[in-house]
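Hey, can you work out the whole structure from these sequences and the hints?
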Amino acid sequence: MATRERTTTGGRTGRGGEKRSDSLKHTVVTAVLAALRALGRLVGGFGTALPALALLGWLVLTAVTSVVGVGLLMTPAALRALHALAGRERGRLARHGFEIVAPDPPPTKLRLAVADATTRREAAWVAVHATFGLLLGLLGVLLPIAAVRDTVFPLVWPLAPPDATSTSVGIGVAHSWAEAASVSLLGLGWTAVVVGLGPGMARLQARPAVRLLAAGPDTDLSLRIAELTATRAAALDAHATELRRIERSLHDGTQNRIVTVTVLLGAARRMVARDPAAAGELLERAQTAAEEALAELRTVARGILPPVLDDRGLAGALSGLAAQCAVPCRTDVDLPQRCAASVEATAYFVVAEALTNIAKHSGAAHTTVTARARGDRLWLRVEDDGRGGADEAGGSGLTGVRRRVAAHDGSLRLSSPHGGPTVLEVDLPCGS
Amino acid sequence: MRIVIAEDDPLLREGLALLLRAESLDVVATAGTAEEVLEAIDTHRPDVAVLDVRMPPTHTDEGIRAAIEARRRRPGLAVLVLSAYVEQTFATELLTGGVGGLGYLLKERVGRVEEFLDALHRVADGGTAIDPEVVAQLFTRSRQDTRLERLSPRERDVLALMAEGLGNSAIAERLVVTDGAVHKHIRSIFAKLDLAPTQQVDRRVAAVLHYLEDARGR
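Protein sequences appear in the order of chains A and B.
In this text, residue positions in the first sequence follow the UniProt record's numbering: the first is 1, and each later residue adds one.
In this text, residue positions in the second sequence follow the UniProt record's numbering: the first is 1, and each later residue adds one.
Don't take each hint at face value.
Derived coverage of chain A by chain B (criterion: at least 3 residues anywhere in the stretch with Cβ under 8 Å from a Cβ of chain B; other residues may be distant) [as the list claims (entries may be wrong)]:
no.: 1; stretch: 248–258
no.: 2; stretch: 266–277
Ranges between beta-carbon positions, derived for each pair [said to hold, decoys possible]:
no.: 3; chain 1: B; residue 1: Thr33; chain 2: A; residue 2: Gly280; range: 53 to 59 Å
no.: 4; chain 1: B; residue 1: Gln88; chain 2: A; residue 2: Leu297; range: 23 to 29 Å
no.: 5; chain 1: B; residue 1: Gln88; chain 2: A; residue 2: Thr299; range: 41 to 47 Å
Hints are computed from structural coordinates only; laboratory data are not their basis.
Keep in mind it's a predicted model, so treat the numbers as computed, not measured.
In this text, a Cβ means the ideal position worked out from N, Cα and C, and glycines have one as well.
Structure, rendered in C-alpha cells:
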C-alpha cells in the first residue's frame with residue numbers, strides 16, 4: 001500500500017518538475033523515478049522468489065527421495081514447474097528491458113532432461129533466486145514501508161500507546177516531540193537508502209537470471225535465429241502486403257478516377273462546339289470524378305500513416321478512435337514519451353481493428369482501451385464486456401493485426417471465452 | 001465500327017462508352033470482367049475489343065489473358081489494351097503473337113480524343129498502336145543490343161514512331177521532314193537490322209518485333 005501511494009506522489013512531482021525544467025529538481029525527480037521503478041522490479045522479483053523458494057524445497061525433496069526411487073515419479077512435474085517458472089522470470093525481466101535470449105527447450109526424456117545444461121542452469125538460478133533474490137525482494141517490500149512509517153511517525157506519535165516501539169527497526173521508544181521528530185529523520189534515511197541503493201539492488205537481483213536463464217555459451221542460438229528469421233520474414237511480408245494494398249488503391253482507385261476525368265474532359269472538348277449543353281454536363285461529371293479522386297487520395301494517404309498521430313500523438317489518436325467508436329469507449333492512456341512512428345502506427349491500427357471488431361461482433365455495452373509505457377515497451381489492452389468467442393480464424397482481421405505486431409517483434413494475446421469478456425493485449429518494443 | 005469495352009471501374013467504363021458513343025461509334029456491349037467480355041465477344045461479334053489489363057478477380061493481367069484468348073477464338077479480332085502503367089512483359093506477351101490489329105496504350109491517352117480515335121481506327125484496320133511510353137522503355141532496355149547501336153539518333157526516332165504504329169507520312173509529319181527522308185531512314189534501319197527485302201514478313205512489323213522480343217529475352 002505504502003509503495004503504491006508514494007508512486008502516485010512521485011509521479012506528480014515528476015511531471016511538475018520537468019515543466020519548470022529546474023535542473024536540480026530534474027535530477028531529484030529522475031532519481032526518485034528510477035528508485036520507484038527499481039522498487040517495482042524488486043517487488044516483482046519477490047513475486048517470483050516466493051514460488052522459487054517453494055520450488056527449491058520441492059526439488060530438494062525430489063532429489064532426496066529419488067535415491068529410494070519414489071522421487072523419480074515426481075521428477076517430470078518438478079522439471080515442468082522449473083521450466084515454467086524460469087520462463088515466467090524471463091518474461092518478467094524482458095518487460096523491464098533485460099533481453100534474455102531463451103535457450104532451446106530442454107529435452108522431454110527424463111534422463112536427458114536431468115543431465116541437460118539448461119535444466120542445471122535453471123536449477124542453479126532457483127537456488128540463488130529463492131535465497132538471495134528473496135532477501136533483496138523482501139528489502140524492496142520493507143524499505144519503502146519503513147520509510148513511510150518512520151517519516152510520518154511524528155504525526156501519529158501523540159496517538160500511539162506510550163511504550164510502543166517508535167522505529168521500524170524495533171528499538172527505541174520516543175518520549176518527547178524531539179525524539180519523535182528524530183524518528184522522522186530515520187525515515188528520510190530509509191528513503192535515501194531506497195533512492196541510493198534501490199537501482200543497484202534491482203540489478204543485483206536480476207543478475208543471476210540474466211546469467212543463468214540465458215542460453216549458455218555452449219548452446220547454439222539456432223532457435224532464436226529461427227525466430228528472428230520468421231519475424232523478419234513476417235515483417236517483409238507485412239510490408240509487401242501493405243505496399244501492394246497501397247499500390248492497388250492508387251492504380252485501381254485514384255488513377256482510374258483521374259483517367260475518368262481526362263476521358264470526360266476530352267469528350268467535353270469535342271462536344272463543346274456541337275452541343276454546349278451536353279458539354280457542360282460532361283464537365284460537371286468530370287468535376288465530380290475529380291472530387292472523388294481527391295477523396296480517394298485522402299483515404300489512401302491516411303491508410304499509410306494517420307496524420308492524427310503526428311498532430312496529436314498516440315494518446316490523442318487513440319481518444320479520437322474511442323470517440324468514433326459506436327460502443328461507448330473509455331481510454332486510459334499514460335505515455336510519457338513518443339515511440340517510433342511505425343510502432344505508433346501499428347498500435348493505432350491494433351486499436352482501430354479491435355474497436356471495429358467490437359462494434360461489429362461483440363454486442364458489448366462498454367469497452368476500455370488502456371495504453372502504458374513499460375520501460376522501453378508499449379503495452380496496449382482493449383477490453384469489452386461483450387459476448388466473447390472472438391475467433392482469429394474467423395477472418396476478423398486479427399490475423400493481420402497479429403502479423404503486423406509480430407513484425408515489430410511484439411506479442412499479442414487474445415482471451416475471449418464464450419460469454420465474454422474479450423481481452424486483447426499487445427506488447428510492442430518502442431524502438432525509439 | 002462495333003466495339004465492346006471491358007473495364008472493371010464502373011465510372012470509367014461509363015465514361016469510355018459515353019466518349020465513343022458521342023463520336024457516333026457503336027458500343028455494343030460493356031463488361032466488368034474478363035469472362036463477361038469473352039462472352040460479349042462471342043455474342044456480339046464486334047470489330048474491336050477495348051480491354052483493361054487489371055480486372056477482377058486477381059487484378060493482375062486478366063485483360064492480357066482475355067486478349068490472347070479472344071484472338072485465339074476469333075483470329076483477326078482487333079484488340080486495344082488499356083493499362084494503368086507500362087508493363088513490358090504484358091506488351092511483349094501480347095504482341096509476339098503478331099502485331100496486326102493490336103494496340104497497347106496507357107489509359108490516360110484516351111483523354112486525347114483525336115489521338116485515341118486515330119489509334120482505335122488504326123487497330124481496327126489491322127494496324128498497330130503502341131504507346132510512346134512502351135517504345136521509350138524498349139529503347140532503354142535494348143540499349144545493349146549491338147545492332148541497335150548501329151542506328152543513328154534520327155533512325156531511332158523513326159523506329160520509335162514505327163513501333164507506335166505510325167505510317168510513313170505520319171512519321172514525316174511528326175519529325176517535320178519529307179516523306180522521302182523517312183523512306184531513306186527506314187531503308188537504312190532495315191539494312192542495319194539485317195532485315196533482307198526477301199523476307200516473307202512485313203519488314204516494318206519485323207523491325208518492331210525484333211525490339212519486343214529482344215526486350216522479352218532480357
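Going down the list of hints, with the structure as the test:
1. Three residues within the 8 Å Cβ limit are the bar, and the stretch 248–258 of chain A against chain B gives 7, so the coverage statement holds.
2. Proximity of the stretch 266–277 of chain A to chain B, defined as three or more residues with a beta carbon under 8 Å from a beta carbon of that chain, is established by the 5 residues found.
3. The beta-carbon spacing between threonine 33/B and glycine 280/A, approximately 34 Å, falls outside the hinted interval of 53 to 59 Å.
4. The hint said 23 to 29 Å for the Cβ distance between glutamine 88/B and leucine 297/A, and at roughly 28 Å that hint holds.
5. Separated by about 31 Å at the C-beta atoms, glutamine 88/B and threonine 299/A break the suggested range of 41 to 47 Å.
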